[in-house]
Amino acid sequence: MNKNIGQTMYSWAEDLFPICRSITGPGVRETLLYFKEILPDLKIYSVPTGTKAFDWTVPNEWFIQDAYIKDRHGNKIIDFANNNLHLVGYSEPIDEWMDLSALNDHLYSLPDQPNAIPYVTSYYDTNWGFCLTHRQRELLKKEQYHVVIESELKHGVLNYGELIIKGKTDEEVLLSTYICHPSMANNELSGPVVTAGIAQWINSLKNQRYTYRIVFIPETIGSIVYLSKNLKHMKEHTIAGLVLTCIGDDRDYSLLPSRSGDTLIDRVSSYALNHYVKSYTRYSYLDRGSDERQYCSPGIDLPVCSIMRTKYHAYPEYHTSLDDLSLISSDGLKGGFDIIKKTIEMLEFNQVYKSKNPCEPQLGRYDLYPTISVKESKEYELSKIMVDVLAYTDGYNDILEISRIICEDFFTVHEAIKTLIDNELVILK
Amino acid sequence: MNKNIGQTMYSWAEDLFPICRSITGPGVRETLLYFKEILPDLKIYSVPTGTKAFDWTVPNEWFIQDAYIKDRHGNKIIDFANNNLHLVGYSEPIDEWMDLSALNDHLYSLPDQPNAIPYVTSYYDTNWGFCLTHRQRELLKKEQYHVVIESELKHGVLNYGELIIKGKTDEEVLLSTYICHPSMANNELSGPVVTAGIAQWINSLKNQRYTYRIVFIPETIGSIVYLSKNLKHMKEHTIAGLVLTCIGDDRDYSLLPSRSGDTLIDRVSSYALNHYVKSYTRYSYLDRGSDERQYCSPGIDLPVCSIMRTKYHAYPEYHTSLDDLSLISSDGLKGGFDIIKKTIEMLEFNQVYKSKNPCEPQLGRYDLYPTISVKESKEYELSKIMVDVLAYTDGYNDILEISRIICEDFFTVHEAIKTLIDNELVILK
Amino acid sequence: MNKNIGQTMYSWAEDLFPICRSITGPGVRETLLYFKEILPDLKIYSVPTGTKAFDWTVPNEWFIQDAYIKDRHGNKIIDFANNNLHLVGYSEPIDEWMDLSALNDHLYSLPDQPNAIPYVTSYYDTNWGFCLTHRQRELLKKEQYHVVIESELKHGVLNYGELIIKGKTDEEVLLSTYICHPSMANNELSGPVVTAGIAQWINSLKNQRYTYRIVFIPETIGSIVYLSKNLKHMKEHTIAGLVLTCIGDDRDYSLLPSRSGDTLIDRVSSYALNHYVKSYTRYSYLDRGSDERQYCSPGIDLPVCSIMRTKYHAYPEYHTSLDDLSLISSDGLKGGFDIIKKTIEMLEFNQVYKSKNPCEPQLGRYDLYPTISVKESKEYELSKIMVDVLAYTDGYNDILEISRIICEDFFTVHEAIKTLIDNELVILK
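Residue numbers (my numbering), protein chains in the order written: chain A, 258 to 686; chain B, 258 to 686; chain C, 258 to 686.
These are computed hints drawn from the structure, not numbers from a lab.
Treat the hints with care, as some may be off.
One copy or two, either will do: identical chains are not told apart, so a pair holds if it fits within one copy or between any two.
Stated by the list, open to error - Below are the SDA-like pairs computed for lysine to any residue, each with C-alpha atoms no more than 25 Å apart in a straight line:
1. Lys613 to Pro283
2. Lys686 to Gln457
3. Lys309 to Ser586
4. Lys611 to Asp519
5. Lys492 to Val609
6. Lys613 to Leu543
7. Lys632 to Asn372
8. Lys489 to Tyr381
9. Lys398 to Ile351
10. Lys635 to Leu620
11. Lys486 to Ser366
12. Lys327 to Pro275
13. Lys535 to Tyr325
14. Lys635 to Asp666
15. Lys309 to Gln465
16. Lys632 to Ser408
17. Lys635 to Tyr381
18. Lys686 to Ser640
19. Lys492 to Leu299
20. Lys492 to Ile678
21. Lys535 to Gly518
22. Lys425 to Leu620
23. Lys632 to His671
Start from the sequences, fold in the hints, and give me the full structure.
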């Protein structure tokens with residue numbers, strides 16, 4: 258499967274790209290149903306408008322039929338049908354003629370990126386607006402325009418998807434991604450498609466140690482609603498978590514640490530990025546911008562990092578129409594998939610062991626040490642790792658820490674410990 | 258008031274400069290009475306000769322009328338009336354003719370600073386002596402001199418002043434300065450005049466949080482006597498303290514940390530000097546030399562630092578007649594006053610807060626966040642500090658620590674927290 | 258005594274050099290009896306073949322009479338009588354003619370050190386072999402050779418020596434050295450002869466604080482057997498330990514830290530090597546190679562370092578016939594003796610003290626401080642150390658920590674504390 262996982266994920270992104278998602282509405286449901294095809298056990302939940310979640314309230318659901326601006330000749334000069342970024346998210350309905358100066362208060366463009374349509378939303382305040390390229394805007398004349406938005410804001414639901422994959426223990430790993438942005442590729446679709454790929458891979462595992470809680474939610478309001486419903490359970494069971502977003506381009510790898518910065522997932526993520534990708538950018542928690550804002554907030558305090566490729570805000574196409582399918586690639590998605598997979602494998606393997614006997618065991622008896630002692634023999638070099646691992650399987654160090662101390666790769670140490678377990682020389686603490 | 262506080266403090270120093278202070282005697286009383294004019298609530302205490310204080314005993318009181326050396330022609334070649342530094346502090350009475358070689362054992366001058374009269378004392382061993390410039394000394398001839406000291410050492414008292422300014426809590430801040438040196442400016446008068454200025458300012462405050470314990474004492478024996486009388490109370494209530502000395506010249510700022518180096522006042526003082534003066538010298542506790550020696554000693558262990566301008570021992574005029582009124586200035590005193598005031602404001606404001614809600618609050622509801630989300634909008638930058646402060650008001654971090662973590666000025670963070678309190682989003686822990 | 262201790266130790270090494278030691282057998286006993294002459298209280302123990310010790314079993318005892326290889330003319334071309342390194346340790350008996358290709362499987366030489374006979378053993382697997390210089394090996398022809406080893410491997414004993422020197426307390430310092438290598442000087446004899454010299458010196462002390470447990474054991478199996486017999490007592494009483502090996506040449510000094518790296522003996526050894534030798538190499542615990550492997554292993558966890566001169570593996574003559582008496586010297590041994598002695602003196606002196614009085618005592622009363630205060634007087638400089646020591650005798654800092662804080666030599670601080678104790682100003686915590 259893995260051979261084509263990059264292409265597979267890319268094709269999912271192609272399918273999902275045209276859908277007009279927002280934090281609520283039909284686009285979210287369509288997206289969640291698509292992932293339910295891939296992950297049949299995905300459960301889709303609905304939370305009614307008006308539901309309280311900590312300091313927040315689930316807003317009205319937004320339905321959008323059509324939206325355009327016509328000039329006095331009846332030409333559609335801006336048309337939502339061409340690009341769903343043209344409309345400010347959660348725009349209220351309107352059907353009015355107005356002159357350019359009145360219209361200008363509701364237009365958004367980027368003078369520094371004149372060919373990009375910006376992505377703008379106004380979820381929690383009644384408003385409307387259109388986004389357009391600066392080139393388009395410069396063509397507007399001081400005349401009357403006909404502005405039409407056929408939308409509805411009414412009592413409805415907020416949807417999210419949840420997939421629980423049971424492991425041998427009820428300790429949980431949280432994977433969280435969002436499905437609330439319209440047609441953008443790296444900052445939206447890369448997150449859910451890599452999450453879906455990882456979920457398929459976890460499903461294929463036998464006997465994994467942890468239970469995986471995988472959520473597809475609208476950003477911010479979705480994680481807040483989800484936490485308000487599941488907080489007690491998550492605080493008791495979550496040993497690590499990752500927010501998956503901006504994980505499909507080919508430029509960088511990135512780590513956004515948790516608020517405390519020293520949890521297990523911080524240690525594992527740092528190790529994985531230090532060892533298994535060529536280079537990466539380590540951000541501060543001050544650079545956060547997605548649902549780790551909620552997961553790590555005071556009172557929630559879950560151990561959650563974000564491993565990304567090029568981070569939101571760190572690439573010029575971010576939150577514009579230029580963040581399209583050409584910005585991500587099957588290789589880029591595959592790179593994201595691989596580092597998340599490696600991180601999860603490390604989480605699964607990382608345990609604390611202790612030696613069964615005081616003193617070194619007589620490794621020669623187990624064919625793990627040369628029986629003849631000759632200066633600088635190669636056999637000795639090969640068995641040195643067994644001796645060094647045994648020096649630190651003291652019931653306190655986990656594999657990650659032993660790997661650091663003895664300067665050997667995590668998976669090499671894990672293999673050594675498997676051999677020592679087979680020979681009944683170390684046991685799980 | 259503050260506009261002229263520098264000049265005001267300088268004029269106090271001018272008034273006090275001529276008085277011949279020592280660790281006991283009329284000069285101390287005259288000085289304390291002067292400060293009682295400025296601070297009417299100042300209480301002046303008397304501790305009798307012979308009183309035990311830990312390993313120490315209050316010495317006899319020293320009274321000095323006159324002192325001089327006459328040559329064989331009857332000319333006063335050294336005269337206490339000209340400069341009270343000419344006489345070794347606590348000199349016993351004498352009226353004798355002696356030749357130069359006998360006299361030399363009782364003369365003190367500084368060959369490397371030939372125009373300076375050194376400051377010399379002998380509090381705890383019976384002795385007498387004269388201090389003179391090396392230029393003066395070189396003029397002495399191998400002949401008889403008439404040495405007269407009209408002093409008395411007799412049972413009396415040691416005096417000190419104490420001002421308690423009550424705050425909302427009984428947690429205390431100690432401000433300690435000394436009033437035992439004769440006519441010297443930076444290393445003596447700068448300390449008590451800045452302390453008096455700060456005391457006036459604290460008196461002008463409404464509702465300050467801490468109680469202020471402000472003491473004007475003779476150095477060493479005074480702090481030891483004061484501690485012996487007030488130790489239990491001070492150990493229970495003191496949350497921070499400052500020794501104020503050498504705080505009136507224009508050259509440097511200095512920080513002498515407490516013995517442990519990591520108390521609240523160490524953190525606040527370091528922050529204040531790092532941020533609110535252009536540069537400063539950070540000393541080691543090994544460089545200590547004033548009453549922090551007692552306040553921080555094992556068994557006392559109060560959290561006390563010293564914020565200075567140019568530190569004792571660190572300027573050539575120290576402990577000589579060159580440390581006169583030209584060495585300090587109203588600007589120098591004002592600089593000292595300002596940094597102490599800033600430090601106390603930080604102490605007053607520095608508290609631990611916690612967010613009322615789990616997750617981020619919906620800041621848009623409180624007009625603390627833009628309701629429309631546009632890439633790189635300025636509103637977002639302005640509200641970022643609210644979001645960052647909320648990320649760390651977790652019931653553990655104080656304002657100082659939040660300021661360090663989010664790289665924003667202490668007072669900016671304090672203002673943000675005030676806004677968040679007004680909106681009932683954070684509460685005092 | 259110390260004047261000639263280097264020569265004395267060197268002469269012991271000369272006496273012991275020719276003996277063919279191994280992990281068991283007559284050579285070990287002869288060596289232990291030699292040390293019993295020097296240290297009459299040394300007890301020699303015997304542990305029977307087959308005794309279990311953790312994961313290990315005491316092997317058969319090895320007796321070697323003679324061993325040689327003759328060519329077809331009857332010339333002894335390799336002869337154990339010439340150098341006991343010619344024979345692989347624990348070789349089984351043989352008396353056979355064989356051609357060169359069969360013989361080659363049992364020959365060991367070092368192409369990169371063509372004039373060195375390597376040291377090879379095979380304690381725990383039945384085998385035989387000869388070691389020779391690569392020059393010798395190059396002379397061998399494709400013809401028949403007569404191989405004779407007159408050895409016996411039979412039920413016997415493993416021997417070790419133990420010397421307990423009682424101190425005022427039952428807290429113990431472990432000194433461990435090994436006596437299982439044949440004719441090699443730095444990596445064998447330097448260890449036991451310096452240990453014997455140190456034992457003589459400790460015997461000469463009056464009232465030392467600690468009890469000294471000094472063991473002469475075969476490496477690895479000896480320490481494992483010794484630990485299996487004494488573990489409970491040693492875990493309860495051992496406050497520090499040193500493995501003494503490779504401590505007789507003139508090249509380097511070396512420190513191999515304990516597994517945790519921060520125990521008392523780590524702190525003391527680091528200080529001693531930093532201050533009392535010109536330079537040294539600090540190794541990682543990953544570079545370990547002697548009995549600290551057992552003493553520090555999980556489940557044993559004794560605080561044991563190794564102070565060496567040039568470490569095993571770090572000099573080219575290691576484990577070859579070139580590690581002979583020319584490699585060590587009386588000066589080299591003396592240097593090793595001196596640093597071990599200094600380390601033990603520091604262990605003995607290092608205690609925690611506290612001041613008797615709050616505040617500084619009135620040091621002038623005890624003649625420990627000048628009674629006259631004059632700027633920059635020398636008396637003040639001399640008494641500064643008393644004041645600084647008193648600032649840190651707080652019942653928490655030991656001498657080593659005070660020495661570090663106040664930047665004064667350990668023994669200077671110790672002398673100051675003795676003076677303060679004599680004046681009843683500080684007491685043992």
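Structure-based check of all given hints:
1. Lys613 to Pro283: The answer is neither: 59 Å in one copy and 34 Å across copies each exceed 25 Å.
2. Lys686 to Gln457: neither (31 Å within a copy, 45 Å between copies)
3. Lys309 to Ser586: neither (39 Å within a copy, 63 Å between copies)
4. Lys611 to Asp519: Both ways: Lys611 and Asp519 sit 23 Å apart in one copy and 21 Å across, limit 25 Å.
5. Lys492 to Val609: Classified as both; 22 Å inside a copy, 24 Å across copies.
6. Lys613 to Leu543: between (45 Å within a copy, 21 Å between copies)
7. Lys632 to Asn372: Only across copies: Lys632 and Asn372 sit 15 Å apart there, 70 Å inside one copy, limit 25 Å.
8. Lys489 to Tyr381: neither (28 Å within a copy, 58 Å between copies)
9. Lys398 to Ile351: within (21 Å within a copy, 105 Å between copies)
10. Lys635 to Leu620: within (16 Å within a copy, 65 Å between copies)
11. Lys486 to Ser366: Classified as neither: same-chain Cα gap 38 Å, cross-chain 73 Å, threshold 25 Å.
12. Lys327 to Pro275: For Lys327 and Pro275, the Cα distance is within 25 Å only inside one copy (23 Å; across copies 90 Å).
13. Lys535 to Tyr325: This pair counts as neither: shortest intra-copy Cα distance 46 Å, inter-copy 58 Å.
14. Lys635 to Asp666: within (19 Å within a copy, 46 Å between copies)
15. Lys309 to Gln465: Neither: 36 Å inside a chain and 40 Å across chains, both beyond 25 Å.
16. Lys632 to Ser408: between (82 Å within a copy, 24 Å between copies)
17. Lys635 to Tyr381: Close across copies (19 Å), not inside one copy (68 Å); limit 25 Å.
18. Lys686 to Ser640: within (23 Å within a copy, 48 Å between copies)
19. Lys492 to Leu299: Classified as within; 22 Å inside a copy, 56 Å across copies.
20. Lys492 to Ile678: neither (32 Å within a copy, 27 Å between copies)
21. Lys535 to Gly518: within (22 Å within a copy, 33 Å between copies)
22. Lys425 to Leu620: neither (32 Å within a copy, 41 Å between copies)
23. Lys632 to His671: The answer is neither: 28 Å in one copy and 45 Å across copies each exceed 25 Å.
Comparing the model with each earlier hint shows violations of hints 1, 2, 3, 8, 11, 13, 15, 20, 22 and 23; every other hint is respected.
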